[in-house]
Amino acid sequence: AQSVTQLDSHVSVSEGTPVLLRCNYSSSYSPSLFWYVQHPNKGLQLLLKYTSAATLVKGINGFEAEFKKSETSFHLTKPSAHMSDAAEYFCVTYSSASKIIFGSGTRLSIRP
Amino acid sequence: ETGVTQTPRHLVMGMTNKKSLKCEQHLGHNAMYWYKQSAKKPLELMFVYSLEERVENNSVPSRFSPECPNSSHLFLHLHTLQPEDSALYLCASSQDIGFLYNEQFFGPGTRLTVL
Numbered sequence: 008a009q010s011v012t013q014l015d016s017h018v019s020v021s022e023g024t025p026v027l028l029r030c031n032y033s034s035s036y037s038p039s040l041f042w043y044v045q046h047p048n049k050g051l052q053l054l055l056k057y058t059s060a061a062t063l064v065k066g067i068n069g070f071e072a073e074f075k076k077s078e079t080s081f082h083l084t085k086p087s088a089h090m091s092d093a094a095e096y097f098c099v100t101y102s103s104a105s106k107i108i109f110g111s112g113t114r115l116s117i118r119p
Numbered sequence: 007e008t009g010v011t012q013t014p015r016h017l018v019m020g021m022t023n024k025k026s027l028k029c030e031q032h033l034g035h036n037a038m039y040w041y042k043q044s045a046k047k048p049l050e051l052m053f054v055y056s057l058e059e060r061v062e063n064n065s066v067p068s069r070f071s072p073e074c075p076n077s078s079h080l081f082l083h084l085h086t087l088q089p090e091d092s093a094l095y096l097c098a099s100s101q102d103i104g105f106l107y108n109e110q111f112f113g114p115g116t117r118l119t120v121l
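Chains A and G, in that order, are what the protein sequence lines are. Last residue of the first sequence? That's 119 in the working numbering, and every number before it is there in order. Last residue of the second sequence? That's 121 in the working numbering, and every number before it is there in order.
Heads up, a few of these hints could be off.
[Claimed, not checked] Derived DSSO-like pairs: lysine-lysine, alpha-carbon spacing no greater than 27 Å straight-line:
| id | chain 1 | residue 1 | chain 2 | residue 2 |
| --- | --- | --- | --- | --- |
| 1 | A | Lys106 | G | Lys42 |
| 2 | A | Lys56 | G | Lys25 |
| 3 | G | Lys42 | A | Lys75 |
| 4 | G | Lys28 | G | Lys47 |
| 5 | A | Lys56 | G | Lys47 |
| 6 | A | Lys75 | A | Lys56 |
| 7 | G | Lys47 | G | Lys24 |
| 8 | A | Lys56 | G | Lys24 |
| 9 | A | Lys49 | A | Lys75 |
| 10 | A | Lys49 | G | Lys24 |
| 11 | G | Lys24 | A | Lys106 |
| 12 | G | Lys42 | G | Lys24 |
| 13 | G | Lys25 | A | Lys49 |
[Claimed, not checked] Stretch-level coverage of chain G by chain A, calculated; a stretch enters the list once three of its residues show a Cβ under 8 Å from a Cβ in chain A:
| id | segment |
| --- | --- |
| 14 | 66–77 |
| 15 | 110–120 |
Rather than coming from a laboratory, the hints here were simulated on the basis of the structure. None of these values were measured; they are calculated from a predicted model. Heads up, the beta-carbon is just placed ideally off N, CA and C, and yes, glycines get one too.
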């Protein structure tokens, strides 16, 4: 069955340093994978999505993610963190029955 | 107004009250969703509507009653709720259901507190 696992419930980085949010997936076929961000008291917003056209996917706000089939990973990265990046991040996939599956979320904190 | 809007943004109700949450999408989408987001729990999909027809009901208690009068509006009617129903209720829409790469657009949510 399809699933996603976010390996860290909380990540804290200093402003200006790189961000790495980890997501592993489980799928018997080529999956569809998304990263969403949720700022406090807001709805979720799509950051980027993997559509099998390219393994390195660029999203909004300087984020990108790389699909690695050999590692079954889809980690989210950003070269330099900004205070406004503090939020909850969700890795998402779909099941074979087109049911959406959310990861448990990673809370990103940015230290000044 | 663009995107997905939800009203009210905050709601406090007693266990014997009846209230409704409203969601409206201005994107021309065919599918709409209700989610429940509780503290320290994964996002839970509650209901899915496609072209005003309910296509999914994930074992949600009957005290939650959805209504989709047209493809732009979605309601969640609440009655005799329990304190554990306190959560952020999110509405979302997408172009269609059943597409592997279907992006969902979310509203800001209604923060519900049941006393």
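These are the hints, each one checked on the structure:
1. A:Lys106 - G:Lys42: Holds - the C-alpha atoms of Lys42 of chain G and Lys106 of chain A are around 16 Å apart, at most 27 Å.
2. A:Lys56 - G:Lys25: violated (36 Å)
3. G:Lys42 - A:Lys75: Violated, at roughly 31 Å.
4. G:Lys28 - G:Lys47: The hint holds at about 23 Å.
5. A:Lys56 - G:Lys47: It holds: about 23 Å lies between the C-alpha atoms, which stays within 27 Å.
6. A:Lys75 - A:Lys56: holds (14 Å)
7. G:Lys47 - G:Lys24: holds (26 Å)
8. A:Lys56 - G:Lys24: Between Lys56 of chain A and Lys24 of chain G the Cα gap is close to 39 Å, so the pair fails against 27 Å, i.e. violated.
9. A:Lys49 - A:Lys75: Roughly 30 Å separates the two Cα atoms, so the pair is violated.
10. A:Lys49 - G:Lys24: Distance of about 25 Å is within 27 Å: holds.
11. G:Lys24 - A:Lys106: Violated - the C-alpha atoms of Lys106 of chain A and Lys24 of chain G are around 30 Å apart, more than 27 Å.
12. G:Lys42 - G:Lys24: holds (18 Å)
13. G:Lys25 - A:Lys49: holds (22 Å)
14. 66–77: Since three or more residues must qualify, the claim that chain A covers the segment 66–77 of chain G is violated, with 0 doing so at under 8 Å.
15. 110–120: With 7 residues close enough to chain A, the hint holds.
Hint violations for this structure: numbers 2, 3, 8, 9, 11, 14, all remaining hints satisfied.
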